[in-house]
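Hints given; two lone chains; assemble the complex.
Keeping their order, the protein sequence lines are chains A and B.
Numbering follows my numbering, in which position 7 of the first sequence is assigned residue number 7; successive positions increment by one, without gaps.
Numbering follows my numbering, in which position 36 of the second sequence is assigned residue number 36; successive positions increment by one, without gaps.
Hints are supplied without guarantee of correctness; some may be wrong.
Claimed, not checked - Below are the DSS-like pairs computed for lysine-lysine, each with C-alpha atoms no more than 25 Å apart in a straight line: (1) A:K187 with B:K146; (2) A:K42 with B:K3; (3) B:K94 with B:K146; (4) A:K187 with B:K57; (5) A:K42 with B:K7; (6) A:K206 with A:K176.
As the list claims (entries may be wrong) - Here are some of the chain B residues that sit facing chain A, going by a computed Cβ distance under 7 Å: (7) E43; (8) S45; (9) H46; (10) G56; (11) S58; (12) V59; (13) K60; (14) T63; (15) A67; (16) Q68; (17) G71; (18) G130.
To be verified - Here are some, though not all, of the chain A residues that point toward chain B, as calculated from beta-carbon distances under 7 Å: (19) P3; (20) Y8; (21) H35; (22) I38; (23) D53; (24) D103; (25) P104; (26) Q105; (27) G189.
In short, the hints are calculated from the structure, not lab data.
Glycine included, each C-beta is placed from N, C-alpha and C at the ideal position.
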Amino acid sequence: MIPNSFQYHRPDSVDAAVALLTQYGDEARPLAGGHSLIPMMKLRMADVQHLVDLQAIGSLKGIAVAGGTVTIGAMTTQHELINDAALAKAVPLIREASLQIADPQVRYAGTLGGNVANGDPGNDMPGLMQCLDAVYTLSGPDGAREVAARDFYEAAYFTAREDNELLVSVRFDAPKGGYAYEKQKRKIGDYATAAAAVLIEKSGGKCTSASIAMTNLADTPVWCAAASEALVGSSLDDAAIGAAVAAMKSAIDPQEDNRGPVEFKTHVAGVVLARAISRAASRA
Amino acid sequence: MGKMHIKLTVNGKEEELLAEPRELLIHVLREELGITGPHIGCETSHCGACTVDMNGKSVKSCTVFAAQANGAEITTIEGLGNPDGLHVLQEMFKEHHGLQCGFCTPGMITRAYRFLQENPDPTEEEVRFGMSGNLCRCTGYQNIVKAILAAAAEMNAAKEAAQ
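So that you can see chain B by itself, here it is in the shape it has in the complex (with noise of 0.2 Å):
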């Protein structure tokens, strides 16, 4: 079956190419667009790793179709930060050593930007709860959780300022 012109706006880009409709988002981020930021973990739908932003919602890239992404807008870890200008999220896992080995970590800090939209001011209950459609195999959890604490309260105080 052939190809289907599929249209995305990544990290602000409008993109366009051609895929089959059964090419996952996550390989057309990786290897159609060279967004390698999301990562491929367990390809079940449980880890979180390849958790992007689709439409204002947190989704598991692995399990979306690229053509039912067809028209939608996306955010990866890369349209978050970068290396000159990281998110107050990365500057806080960085801070808090909310990393060990960085696999899991473009997918938790997407998520984590969704889910502070969503509740700029949770306890730690509801972080943990919040988080939990990602897994880290290095941290524990517990510096994860206090990094997304922490940029929870400078992204309020930088709020408070600005008003």
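The shape of chain A in the complex, shown without the other chains (with noise of 0.2 Å):
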């Protein structure tokens, strides 16, 4: 499979990407580890008049956990994730999740970046970020602005990002408590058929707070507030996972495909936030 004519560009700096998206718009797309991008140019579903590499883009790499404030450059991938000392210890919940992505390969390749940009529902980024409350800097023509990643997300494929603007950091305060992130695949590589990430803090046996998010059960990541809700002042006893759970399955939308139909894809759901509800607790 050859993908359509297109022409390469390897700019050395945002600015110099943001002026070649801004030049080009809706026939130029920025080309982060490429694993989305490519097999779709491949089927010719997506169509590249201009790829912009950002490969050369060093500002877009490196990991930074300051002050409890974690700081993650777009082109950062996901091997680089799981490997980071730093990282593993402030927020654990972003190596458990790293490894459920993909295969060693796709792992050098696939980015931060590319993963929470794309807008593909299939990827775990997105979820994960919404879990936690983190806030994605875009760089356009006219500067930087922010995002919170909970109002990121449209619609598939769909998001606030514009055409002329690159999605260059994400940002997030280093959790505290139990963190898990659970999901069931087909195989190693698949997309999730439905995943949980979920976040609690627990002080005298009773949860003071919680955050839960799911993946590939909507055309956009789930965060839910109402089954974080439905744990907050609970000693986390099988009353209050059942009453999340209920909670979480009013709020999604899943549709039929080919992991299954809606009815299973909603108990995969139920059993991947129970399960992930149950571990985050035992980490509090």
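Put into structure tokens, the structure is as follows:
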């Protein structure tokens, strides 16, 4: 499978990349790890006339953990997220989730920025970033702006990013308490049938705060405030977990596809969320 | 759109060629440079038969444009060993029947090479997880895992002997 012809650009700064995206508008696409975009180009489902490869932009790389705040450059790969000792200590949730993405070869290429900006409902990082209440920094011709992960996703492949903007970094506060990322998939390399990201804080045996986000169960990630609220104030017993699962089920909107019918996906969503809550609670 | 001037270092040898940006690395390796060890399997980034080492990372060369690889250092199975001097991984795949039809083998060994660079003394579970981007339709994986564990032991013994 050979994609249609395109012109290749390799800018060495964010400004140069934004200038190319501005010049070519919707004919241009930024290229990060390429493992979503290149298959789409090969299938000729993505029509790209100008490919803007971000690999030479050094400022898009790197992980900084400082004063409880984590900032990750958009071109940081999943392999780098998994192997960064400071990040694994500050936010082990990222490592637990990253290890469940794709396969080793793809994780060397796949980036955090590509995963969050692509807008594919199957990607794991958007839900994870909503769970963490992350903020995305976008650079455009008029400078930088910030968009919360919880406001970024509009529909499948439609996000708050404009064609002439580049997602340059992701920032969030290192969470306290327990965490879990639970994903059900048919095989390594597959997207989730259902996945749940959970953060839980406890005090004196009671849950004091919770954050729950679900992946691949609607055309955007689903950050579910009602499910989180069902846990707060409880002792995280079976009744509370059941209430959170019920609240989550009314917030998702799975569609039938080759991963199964709606009833199955809804059932799996309940199973993965219950497991994630239990594991996060045991770590809180 | 025109062809691009592309420079690659492949198995230690500098190569220069002209390619359209849309050409995939696997096609440039096989068709322009005659390096046919890496195979085209699924061509959809699932099977790993096209795995090569690029700048110290295992990549599926069906999902990398040659233009992206411009300037890169690439190692293929041809760079690891040859019939007169097999790499220890090749020896161990032979010894432990880690291949049957052989189609996935260049990708398997090239991936195993990078995996053992990063994790020289892996558990069986770590081998299975580290090799999970490569599919084999013949062996059932058991002997591939055995071969990689045996190669790790050989490489570690050789390292100790050298010290």
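Below or equal to 25 Å on CA atoms is what counts here, so check K187 (chain A) against K146 (chain B). The given pair, whose Cα atoms are some 22 Å apart, holds under the 25 Å limit.
For the hint on P104 (chain A), just tell me whether its beta-carbon gets within less than 7 Å of chain B. Status holds, d = 5 Å.
If you take the shortest Cβ to Cβ gap from E43 (chain B) to chain A, is it below 7 Å? 6 Å, holds
Take the shortest C-beta to C-beta distance between H46 (chain B) and chain A; is it under 7 Å? 6 Å, holds
Hint consistency between K94 (chain B) and K146 (chain B) [alpha-carbon to alpha-carbon, up to 25 Å]: OK: K94 (chain B) and K146 (chain B) at ~11 Å, within 25 Å.
Minimum beta-carbon distance criterion (7 Å), Q68 (chain B) to chain A: Since the shortest Cβ distance to chain A is 6 Å, the answer is holds.
Interface hint check: K60 (chain B), Cβ to nearest Cβ on chain A, cutoff 7 Å. Holds or violated? 5 Å, holds
Grab the minimum C-beta distance from S45 (chain B) to chain A and call the hint holds if it beats 7 Å, violated otherwise. 6 Å, holds
Report holds or violated for the interface hint on Q105 (chain A), using the least CB-CB distance to chain B and a cut-off of 7 Å. 4 Å, holds
Would the hint linking K187 (chain A) and K57 (chain B) be met if the CA-CA limit is 25 Å? At roughly 23 Å apart (the allowed maximum being 25 Å), K57 (chain B) and K187 (chain A) satisfy the hint.
Can the hint on G130 (chain B) be confirmed by a CB-to-CB distance to chain A that is less than 7 Å? Holds, about 6 Å.
Using the nearest Cβ pair, does D103 (chain A) come within less than 7 Å of chain B? 3 Å, holds
Comparing the model with each numbered hint stated earlier shows that hints 10 and 17 do not hold.
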